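Colleague: The lines below spell out each chain.
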Amino acid sequence: MTHLKPVTLLLSMIAMAGAATAQASDRCDVPEDQWQPQQALEQQLTDQGWTIKNIKVDSGCYEAYAIDADGKRREVYFDPQSLEPVSEDED
Amino acid sequence: MAKPSSVKVWDLWLRLFHWGLVAAFATAWFSADEWGSLHHWAGYTVAGLLAWRCLWGIVGPQRARFTSFVRSPFAVFAHLREMLSGKETRYLGHNPAGAAMIIALLIGLAVLTCSGWLSTTDRFWGVDWVQQLHVLAGNLVLTLVGLHLLGVIASSWLSRENLMRAMVTGRKRPPTGNDQL
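So the protein sequences, as listed, match chains D and U. For reference, each letter of the first sequence is one residue, going 1 to 91 in the UniProt record's numbering. For reference, each letter of the second sequence is one residue, going 1 to 181 in the UniProt record's numbering.
Be a bit skeptical, because a hint or two may be false.
To be verified - If you only want the chain U side, here are some residues facing chain D, beta carbon under 8 Å, derived:
1. ASP11
2. GLY36
3. LEU80
4. GLU82
5. TRP125
6. GLY126
FYI, nobody ran anything at the bench for these hints, they're computed from the structure. Quantities reported herein were computed from a predicted structural model and do not represent experimental measurements. For each residue, glycine too, the CB sits at the ideal point set by N, CA and C.
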């Protein structure tokens, strides 16, 4: 019966991974016709002295990967309507 | 003189590597969505353990050395066929299929840790293919871990020996007639 333990662990790993993925949805909730174009966010970040590496759409937000004016790597979620930062993932 | 009830097979450093890797990979898996420093440090630990295992595979004791257990793909498939038929040759060290899994896990973990580290560099910050490769390698390694566990359970069953306990104690039942040393 000692064999059961790692199998149980593995299954719970998979289950937890699934739960974590499901949780991550919808950080922002803005109707499609109220989105500002991505160029507006690019302009805003460039004006702050950021170097944009990649911008994509994730959890209903713009997700920006950039190097900020201090040379720090940043991963920031922006509200697509107000272009205000919503949350930031630590590097 | 009575025959010994068990013989030493796995050295202490090999066993510490194995369970250290289990702990580090599990930690990295559970902290995957945080992207915090815990995930990074777990990843660096995995990378360090990989480097250590490669070194130990060259200069370590006989049973830890790659040359002592890595076999041709033909030998691997022949052993898997034996297992499926319900009669496998008992190896005191790694059997050919287990050895192939070790190599697959080492390569998978190397890709996993390299892509993870790359995704934290300025050059590859936010680059899609690096992140996708990292996720793919993570799922691949988890799948390999599952197959590894199945293989260990099957081989334990066929050889009537708890191989997981052997990786804790480092000891196995003494070899008999047809066993491969």
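Colleague: With reference to the structure, classify each hint as holding or not holding.
Modeller: Here is how each hint holds up against the structure:
1. ASP11: U/ASP11 check fails; min Cβ-Cβ to chain D is 22 Å, beyond 8 Å.
2. GLY36: holds, 5 Å
3. LEU80: violated, 20 Å
4. GLU82: At 21 Å from the nearest chain D Cβ, U/GLU82 fails the 8 Å test, so the hint is violated.
5. TRP125: Hint on U/TRP125: holds, closest Cβ of chain D at ~5 Å, below 8 Å.
6. GLY126: For U/GLY126, the interface hint holds, since the closest Cβ of chain D sits about 2 Å away, which is under 8 Å.
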